[in-house]
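Colleague: In this text, residue positions in the sequence shown follow our numbering: the first is 58, and each later residue adds one.
Hints in this document: simulated from the structure, not taken from any laboratory.
Remember, it's a predicted structure, so these values are computed and weren't measured experimentally.
Backbone N, C-alpha and C define an ideal beta-carbon position, used for all residues, glycine too.
Mixed in with the good hints there might be a few duds.
As the list claims (entries may be wrong) - Pair ranges (Cβ atoms, derived):
hint	residue 1	residue 2	range
1	Gly570	Leu424	24 to 32 Å
2	Val620	Leu476	29 to 37 Å
3	Arg205	Gln169	41 to 49 Å
4	Ala167	Leu424	31 to 39 Å
5	Arg205	Leu465	33 to 41 Å
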Amino acid sequence: MVSAADAGDAAALLTDVPAEHRVALVDPRFVGHLHALRLGLTDPRFPAATVPGALTAQPQARPALVRALERTTAAVGAGAPAVDPGTGPAPGDGTVPGRIAVELEAEGVAVQRPALGSLVAAVPTDRDQEAAAVAGLVAVDDEEVRLRNAVKSRDGFFTTFCISPYSRYIARWCARRGLTPNQVTTASLITALIAAGSAATGTRGGYIAAGILLLVSFVLDCTDGQLARYSLQYSTMGAWLDATFDRAKEYAYYAGLAIGAARGGDDVWVLALGAMVLQACRHIVDFSFNEANHDSVANTSPTAALSDALDNVGWTVWVRRIIVLPIGERWAMIAVLTALTTPRTVFCALLIGCALAATYTLVGRLLRSVTRKARRTERAARALADLADSGPLAQAVASLVHGPKRALTAPAAALIGTLVMVGAALFLPYGSWLTVVAAAVYVVLSGFAVARPLRRALDWLVPPFFRAAEYVTILVLAARSDVPHAVPAAFGLVSAVAYHHYDTVYRIRGGTGAPPRWLVRTIGGHEGRTALVAVLAASLTHTSGFTTALTALAVAVALVVLVESIRFWVSSSAPAVHDEGELA
């Protein structure tokens, strides 16, 4: 830390700091809480950030910072107060850092201004202001604020009242011992995998241990995010781990329960795969709707207004959060039922609960979509196209047509294709080549659905329909094959494909776009994989070759997707993505 005599001196000192380093400017008169400075100066997710009297800039914002300093020096004269009532910042932050923040924004640099709440951050200009600032310091315990802010502002009932009251103290304990969020995330994964292994024993003792360990894993899962917020340790690697490990833990636990049930003579693999398919489809409904509407213009909806009004009635908030069966409630239910009942009971309860939650969520999304008057942006249309995961077959069809006519909208084309494909898998004789014909119809309708930009009110339904078609087709054909281990192999295939779809979501959320087109082409797109599984079922009827083929396809998809995903998320271009608002 060095002291600058004025803005000109600060600009000169900046030239001595290596370009790859982060820098901060703090007014020497600053009075405030230490955590206020942490929020303003140490959060790595933003190129620049400011609180009254302090400013920080990441390496990518350094050139703009130097130019802003030079303009400030030229405008007010080296050593003169950096205040310009006509064009400068609002009174109260007429300091050099405050003025430069405005200059940076004028250059197009996004400057984060964290909400400080009761925390004090001020630059007093007289004794009265200084006394008031000091009084505010004494009145507010910034450590208590820091602990409170470590907890998500929006979370489920179980997490809020049964986990967060003590997990935040575990997060502080971890921070004081130098543990990182990534280490806690990894510990949560390992604990969940041990829980899955315990469930796989098929014994009552194993089930009890599995339930307890699953809850411990969830406590650690809450702790890692709270530790990241408490210590402001956000990272690209942490984003990737946090975004994928929750799904990996839950689906690995499903597999463990299915293995344990099989040891006891009860085959529940179909239920396990059904639970995973339902949960993945629930998520894509949320992801697709949010991406379609998060930046809509002129967004008005009576349904949304009603929801906002209900939020003002305290108990309705918690009832609605419980109804959607978020991860806390879901894992608590799974853990308790595992310890006290059987895997079949666990999966039946999970399927019923998730089906009710999915119905509630879907109806709400549909009502909002048909009652809102909004104009979709190009970014939203691009996000929906990426979430659709269309491969070369659908793209080839799309290039030959001009999009569905008014009588056949994109959601209608996707829905009809889904019904044709799933209906053929369910009701045609197993192994019939008519199922392959149905797959060809599905490919054509999939191309029709994405032949034009997805900008209409209900176009966000296209990706969920495609997910349901692919996942359910794999589930049904594997279940009807009557081939040993076909359903576990299908479980592996859906897991690999679902990872690709979750990876796509988090890349889009981070603003870096979807995975590269070569990856989507290599793994066939949703319609290519669905058609391939239909061909395999018809050509390898009632033989162990079907299981082998599904396993090989699962391994191939997993290898290609994981290698590219790991390369991306550990690269410098990966975004810091965290589920601040998702109930998962």
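Colleague: Indicate, hint by hint, whether the structure satisfies it.
Modeller: Results of checking the hints against the structure:
no.	hint	verdict
1	Gly570 - Leu424: 24 to 32 Å	holds, 30 Å
2	Val620 - Leu476: 29 to 37 Å	holds, 35 Å
3	Arg205 - Gln169: 41 to 49 Å	violated, 20 Å
4	Ala167 - Leu424: 31 to 39 Å	holds, 34 Å
5	Arg205 - Leu465: 33 to 41 Å	violated, 52 Å
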